[in-house]
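Novice: Listed below are the residues making up each chain.
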Amino acid sequence: MKNRLVLFIPLILFLAMGIFLYKGLFLNPQQLDSALEGKPIPAFKLEKLEDSSEIITNETLKGQVSLLNVWATWCPSCKYEHPYLMRLARQDILPIYGINYRDERALAVRELAREGDPYTKNIFDHEGRLGLDLGVYGAPESFLVDHNGIIRFRYAGPIDMRVWKETLYPMIQELQAQAKAEGAS
Amino acid sequence: MKAFIGLVGALLLSITMIGTAVATPVDTYEFKNVDNQKRALDLAHSLRCPQCQNQNLIDSNSPVAQDLRLEVYQMVDAGKGDTEIIEFMTSRYGEFVLYKPRMETKTYLLWLGPIVLLLFGLMIGFIFVRKQRISGAVEQELSVEDQAELDKLLNRDNK
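So the protein sequences, as listed, match chains A and B.
Numbered by the numbering used here, the letters in the first sequence go through residues 1 to 185 in order.
Numbered by the numbering used here, the letters in the second sequence go through residues 1 to 159 in order.
Just so you know, these hints were derived from the structure itself, not from any lab.
Errors might be hidden in some of the hints.
Said to hold, decoys possible - Some chain B residues judged to face chain A by a derived CB distance under 7 angstroms, without partners named:
1. P50
2. Q51
3. V64
4. E87
5. S91
6. Y93
7. K106
8. P114
What you are looking at is a predicted structure, and each value in this text was computed from that prediction instead of being measured.
Note that beta-carbon positions come from the ideal geometry of N, C-alpha and C, so glycine has one too.
So here's chain A without its partners, still in its complex pose:
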């Protein structure tokens, strides 16, 4: 009788593999884990989009929980995302910093003037160097940064109501509570 049970081992192995592979079917290959979660924002020194004389650095972003949003005028999904960012900006929950990624300055400024500007500040990453250091592989991408300037979460793709409510906002509340506990503004 014992020997009969041994015969079921291949079946059990097969089923286990089947379940494993079936689960894999529902993973989104576009959602790569960021290698930077838990690490500080890479050091950078870049011009402000609207004003080339103002320099923004990674130090600028420290002190409060913020959202970094990589966008460009050539990116259709960014246009889709834009109205929702406007809504978020009006609610004034946290500063949203824009990284204008491999874009033309004049085009980007014009776009914001026409469609509205949800960004606290816009970093002009013309060469895409900051994007490269952030591991950006498309746009839009958004990074949740805590008050110490540590990247806590990366979301690739446009932010919409579902992503905001289910993923981002709960994390932001948690991070802001942490920031408060540690005495940051």
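Chain A is fixed; fit chain B onto it per the hints.
Specialist: Same frame as chain A, but now just chain B:
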């Protein structure tokens, strides 16, 4: 003579065609030397484009792949080692960019799984064959009753 010329022509043609077949988009980048070029191209071939996912950095035309390709070329020309360049890539884009995953705790299953499965299969096969043999040897001896039964059945058919 004509055949000879034809043969040489065909050979030359095939050599040039091999040349074009392995040609890669080196963009407009000028390497310091041929060794650097070879090493950089090999490296870029072994790294996956994070955006297109099914192509390596050389095959892909996406802007990200172009950037990363150039980055690899420049790092090679700057005298950086392979491990340093791979570290640069994985610290930004994660293990994903490696076509050949590194051997570490979370990839043991990936590396050793097939070997374990093969050994397991061989073991089962071995046990199975051995059992077959043993039971086969036993079956050759029939008990007296069985032999009588068999004889009876055979006789019935013969009638």
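Novice: Each hint should be assessed against the structure and marked as holding or not.
Specialist: Right, here's what the structure says about each hint:
no. : hint : verdict
1   : P50  : holds (4 angstroms)
2   : Q51  : holds (4 angstroms)
3   : V64  : holds (5 angstroms)
4   : E87  : violated (11 angstroms)
5   : S91  : holds (6 angstroms)
6   : Y93  : holds (5 angstroms)
7   : K106 : violated (12 angstroms)
8   : P114 : violated (12 angstroms)
Of the hints listed earlier, those the structure fails to meet are numbers 4, 7 and 8, in rising order.
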